[in-house]
Structures are given as structure tokens and as C-alpha cells.
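Please build the complete structure, drawing on both the sequences and the hints.
Quick note, the sequences are listed as chains A, B and C, same order. Quick note on numbering: the first sequence equals residues 17 to 162 in my numbering. Quick note on numbering: the second sequence equals residues 390 to 590 in my numbering. Quick note on numbering: the third sequence equals residues 219 to 363 in my numbering.
What you were told as hints is all true, and nothing was included just to trick you.
Covered stretches of chain B (in silico footprint by chain C; criterion: 3 or more residues with CB under 8 Å from a CB of chain C, positions within the stretch not fixed): (1) 408 to 419; (2) 427 to 438; (3) 463 to 473; (4) 516 to 526.
Note that these hints are calculated values from the structure, not bench results. From the three backbone atoms N, C-alpha and C, an ideal C-beta is built for every residue, glycine too.
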Amino acid sequence: MRHHLILRVVTKFLVGTIMLYAFYVQFHGDFSPGGGFQAGVIMAVAFILYGVVFSLEQVQRVFPPWIVHKLAALGVLVYGVTGLYSLLTGFNYLDYTALSPHHPEHGQHYGILLVELGVGITVTGVMVAIYYAFAARNPIISDEEW
Amino acid sequence: MLVVTAIAVVRMRSLFAMVMLSGVFSLLSALLFVTLDAVDVAFTEAAVGAGISTVLMLGTLALTSRFERPSKHSPLIPLFVVFVAGAALIYGTLDMPNFGAADAPAQTHVAPDYLARSPHEIGVPNVVTGILASYRGYDTLGETAVVFTAGIGVLLLISGLRGRRRRDDEDEATERGPGANVQNAASDAALNTGPKTGGQA
Amino acid sequence: MFDEFTGPFIIGHMNYWLFIILMMTGLYIVVAKGNLVKKIVGLNIFQTSVFMLYISMGKVTGGTAPIFPHDLDIDPDVIYSNPLPHVLILTAIVVGIATTSLGLALIVRINEEYGSIEEERILEIEQAITVAENTAHGDVMGGRG
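Below you can see the structure in the form of C-alpha cells.
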């Protein structure tokens, strides 16, 4: 899409905004609609948009595939370790009271933030990885045929 | 609106238009979710259905073909199956509570409990997030693992292992008899003629 | 049995019936159409209509979205819809797109092996390969071929 000037300029505007919005959805998810799943998808959309309008090589220079694959695993790890932490401090698995034993409500709040962060990281990683996998193949149909 | 879009998807021959219509279908269903008070779900559906799934389907179309070949089978048997299944399902709904009834079984067991307890137990205004991450934390852990596993599956299927696959192909080519190669050539020829003629039409 | 078909009953059940029509449209696409990408879209339609069925069960008349005011000062008169279906469906959507992409990846691989994404064509090729293999092995075994 080298010749679509307007698309490229608008994309440069949008990608940052979309990422900012993804962070808002991620960390404001306990007060307004949103959470890890949505934030992960929106974050992935930012990278996918960049990749579609510019090129796969350009987006992979920003966000290399090996980081994407590690991120997908890291999210599940964050989630699981949050549970293990509460297990090790003498509470039930995924009982967030463990994060702040004297103030259970705060513990719940921290726990939800951590867990949602894990979900968000995994969803971002997996979605971007799937996009890379599809986009890295050589298309049979050329651009002109569309 | 939803029904019209769905039927248009059935009739459509061009896969490109069909994928676009499925994006429209997702957006419409997101609107429906908003009117049914499920704002979180609408949010997800709009981002996933209209965004990522359309991109992925277009990616698949770019790797395969753009037009559907008309089926030679008669549509009568599938129609019969569909009507019987639909009639059975509609018969099943006759015992369901009315839409929006506050005394429906779904509304009287755990849901009021969650709504009553989450303000002082969790202290998070969005009840959906509270239930998702805290009360049903195991559930969400499982779902995250499923997403992760699906990602691994896609990577294993269509990327990464290219070096090893090429070597396998060479081995296979030497092992396979002449008959198999003829078959491959035939399918390659069909592939080359199929989409091209469609594209010019 | 038919005396219960009154106006309020029909209106109260209309939503279920509409979702069943959508569901059956999806099922028809899956069963009747030979194109694999189209089958996936049919599955998606089916899936989305199941989501709508769940969400519509959680709706309470006069209710609002289950989000409390920020200061958690809850007015007891306000009715909230059932948040539980929302949670279940929220995760199901994201899992749905992950599994859909797995299906699409399978289609891409099938297209590489067979050169087609039409079910009938794939079956033909599969049959021809079986015949060819039988012939080859038949020769080796000294059979009819």
C-alpha cells in the first residue's frame, strides 16, 4: 500500500491513539466497561493496522516475532504466579486477599489488576502472533486482483 | 437486520463480500448487546468480530481463493435437517420464562448473590470485571490458557517450521510413487485455472 | 397446549425464536455449503446467535448495565441485569476468535496440500490418491491392481 498517502498519514495518527485507548481500557476496566480481553484485542489491532498499511517487515522491526511469542507465554505466567503467590502465603489459589491481608478490598483490587494484565498480555501476544503467521505466507492472489 | 444479513451471507458467491457481511453481522450483534445491557460483551464483539476476525479471514482468502464454486448437491436434505432441528429447539423454548422476567430461574440463584456481595467483598464498581477476575478466576485462567494454546496451534500449523517442512517434502517426493506426483500435478493445474478464471469474470 | 399462545407469551418468546432462526441459518451454511471458509463464517454466525441467546436470558426488564456508581453508593431501587452471562460470553468471544483462527490456519494448510478449499474437490483428490496407492501396492503384492 505504498501509494495510499492518506491511509498512511491517518494510520500514523491512529496507531498511537489506539494504543492509548487500549491502556485506558486495560487499567480502567474495573470502573468502566473493559478489561484484559478487550484491551488485548485493541492493542493487537494497533499493530495489525500498522502491519496492514505499511508492511510486515516494518511492524516486525518495532515488535519482533520472538518478543510476541514470549509475551503470549508471559501473560499466562503472570496469571498463574499471582495464584501461586496467594497459595504460598497461606491462602487459597487465586485468593487475592493474600496481596493485602489487612485490607482485603485493596488485595482484591491489586489482584484483579494483575490478573487482567496477564490476560491482556496473552491476548495481545496471541493475536499479533496469529496475524504474523498469516501475513508471513506468500499470497496466491496479488494486490491488483482484488 | 441480523436475519437479513445472515441470509445474504448464505446467498453470496463472492467470498470477499461474504467476509465483509460477516463483519457487518458482528457490528449489528454488538448493537444488540448494548440494548441488552451487556456493554462489556458489545465492546469485545465490536473489537473482535469486526476487527480481527475480518482481517484474519481476508488473510486466509488471500492465501486461498476468492470465489465459491456452486455446490452440486441438492439443498433439500440440509434444509430438512435444519427445519427439524429448529422445530425441536423452538419446542424447547416453550417452557422458557418470558423475555426480561425478573423471576426467571437464571435471575434468582447466584446472580443476586454476586450483585449483593461484590460491592463490599471486591469493591470494584464493574461487577463483570469482579466476577471475571475474582469469583470465577479459575475459569478465566482456563480461558487464557485456551487462547494461548490456540495461538501455539496456529504457529505450529502455518509458520516457524518451514525449514523442517521443506526437508520433509523432499524426502516425501523421493519416497512417493509416480502416481502420487501425477495427482499433485493435477491438483496444481486445477488450482491455477480455478481462481484465475474467477478473477477475470 | 395451544391455548397458551397469547399475545404476551408470543412477544416474550420472540427473542428466542429469532435467535433460533439465526442459529439455523448458520447451521444451514455449515451443512449445505462446500466452501471451507464459508463453513467457518457459518460457524461464527451460529456462535454469535448462541451468545445472543445467553445475553438475552440475563436481561431484566427495566434493568441497566451491571456497573455500580464509582463511590459504590448503590441505590436499592435500581435494577441491574444479570452479570453472569456477560462474563461467560465475554471470555467465549475471545476464545471463539482464537479457535476460528486455528480453523483458518487448518484451511490454509489444506489449500497447500490439495490446492482447493472446496469440499467436493478435496474428496475427489483424496479418492484419486487412494486409487493410485491401491494400484501401486496391488502391483507390489502381485494382486489384480
